[in-house]
Amino acid sequence: MAEDIQGDETRATFSRLLEVLVKEERYLVRLIELARDEREALLQSNYEAIDEVANQMISVAAELDSFEGERALLLQELDAPAGATLKDLEPLAVSAGADGLAEARERMVARADELQATQEQNARLILAATQLRERWFNLLMGMNPATYSDKGREERPGQRFVSRSA
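Residues in the sequence shown are numbered consecutively from 62, following my numbering.
Treat the hints as calculated values from the structure; they're not laboratory data. Every value quoted in this text rests on a predicted model; they were computed, and no experiment measured them. Be aware that a few hints might be false.
[Stated by the list, open to error] Cβ-Cβ distance ranges computed for the label pairs, FRET-style:
#1 LEU193 to GLU167: 38 to 44 Å
#2 GLU129 to GLU151: 16 to 22 Å
#3 PRO142 to ALA178: 30 to 36 Å
#4 ASP160 to GLY130: 47 to 53 Å
#5 ARG132 to ALA171: 15 to 21 Å
#6 ARG168 to ASP126: 30 to 36 Å
#7 ALA145 to ARG196: 49 to 55 Å
#8 ASN116 to ASP149: 32 to 38 Å
#9 GLU80 to GLU109: 32 to 38 Å
#10 ASN116 to ARG77: 27 to 33 Å
#11 LEU201 to SER127: 43 to 49 Å
#12 PRO142 to SER120: 31 to 37 Å
[As the list claims (entries may be wrong)] Simulated crosslink set (SDA-like; lysine to any residue; CA at most 20 Å straight-line):
#13 LYS84 to LEU147
#14 LYS148 to GLU86
#15 LYS84 to LEU134
#16 LYS84 to ALA110
#17 LYS84 to SER106
#18 LYS148 to ARG132
#19 LYS84 to ALA165
#20 LYS148 to LEU79
#21 LYS148 to VAL81
#22 LYS148 to ARG172
#23 LYS148 to VAL83
#24 LYS148 to ALA122
#25 LYS84 to VAL170
#26 LYS84 to LEU135
#27 LYS148 to ARG72
#28 LYS84 to GLN177
#29 LYS148 to ALA171
#30 LYS84 to ALA122
#31 LYS84 to ALA133
#32 LYS148 to GLU164
#33 LYS148 to ILE119
#34 LYS148 to THR71
#35 LYS84 to LYS148
#36 LYS84 to ILE111
#37 LYS84 to ALA171
A virtual CB, placed ideally from N, CA and C, is assigned to each residue, including glycine.
Produce the complete structure using the sequences and hints provided.
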């Protein structure tokens, strides 16, 4: 009888853990959507949209972080060893008759990978835009008219002298 009660409690804890994982997945999906919105804003050089999306991402990420404590408490209820992962808990879930943990973990991993890939694309776009801006800046600096000092005409970085008599 005591084993049945303990098994029911363990199943209930796994059920609550699964609910937390489903919530986390929804927030990860929202972060992925926002990262895609950010990519579009980057491609269009829409700085206001980039700022708006960044603020939304910070808010969603903060909400996502709030689930970490809840998950930690549930793992503690399950007497999981420190540093235990969801994969480590799968055999315990199966033995307790709690279904869905493995699938939820796999979906979370897939969503996290998708978010990482999208953010890496965005980072490459930002880097490319920065490099392009630097090239244009250097090109424009080389187009400035020559300056004169008490020593005569002076060359600026990126500026070349061309002989007009050649």
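Hint consistency between LYS148 and ILE119 [alpha-carbon to alpha-carbon, up to 20 Å]: This hinted pair is violated, its Cα atoms lying about 28 Å apart.
Outcome of range test on Cβ distance (ARG168, ASP126; 30 to 36 Å): Violated, at about 19 Å.
Holds or violated: LYS148 to ARG172, with C-alpha atoms at most 20 Å apart: Given that 20 Å is the threshold and the Cα spacing comes to 16 Å, the pair holds.
Outcome of range test on Cβ distance (PRO142, ALA178; 30 to 36 Å): Between PRO142 and ALA178, where Cβ atoms are some 32 Å apart, the hint holds.
Consistency of beta-carbon spacing, GLU167 to LEU193, with hint 38 to 44 Å: 39 Å, holds
Straight-line alpha-carbon gap LYS84 to LEU134, limit 20 Å: 16 Å, holds
Pair hint outcome, LYS148 versus GLU164 [Cα-Cα no greater than 20 Å]: Distance of about 10 Å is within 20 Å: holds.
Status of the given 43 to 49 Å range, CB of SER127 versus CB of LEU201: 47 Å, holds
Distance restraint between LYS84 and GLN177, which requires alpha-carbon spacing of 20 Å or less: Judged against 20 Å, a Cα distance of about 19 Å means the pair holds.
Satisfaction of hint between VAL81 and LYS148, Cα-Cα up to 20 Å: Roughly 16 Å between the alpha carbons, so the hint for LYS148 and VAL81 holds.
LYS84 paired with ALA171 [C-alpha distance capped at 20 Å]: 15 Å, holds
Agreement of LYS148 and VAL83 with the hint, judged by alpha carbon distance not exceeding 20 Å: Between LYS148 and VAL83 the Cα gap is close to 16 Å, so the pair holds against 20 Å.
When the structure is compared with the earlier hints, violations turn up for hints 4, 6, 16, 17, 24, 33, 36 and for no others.
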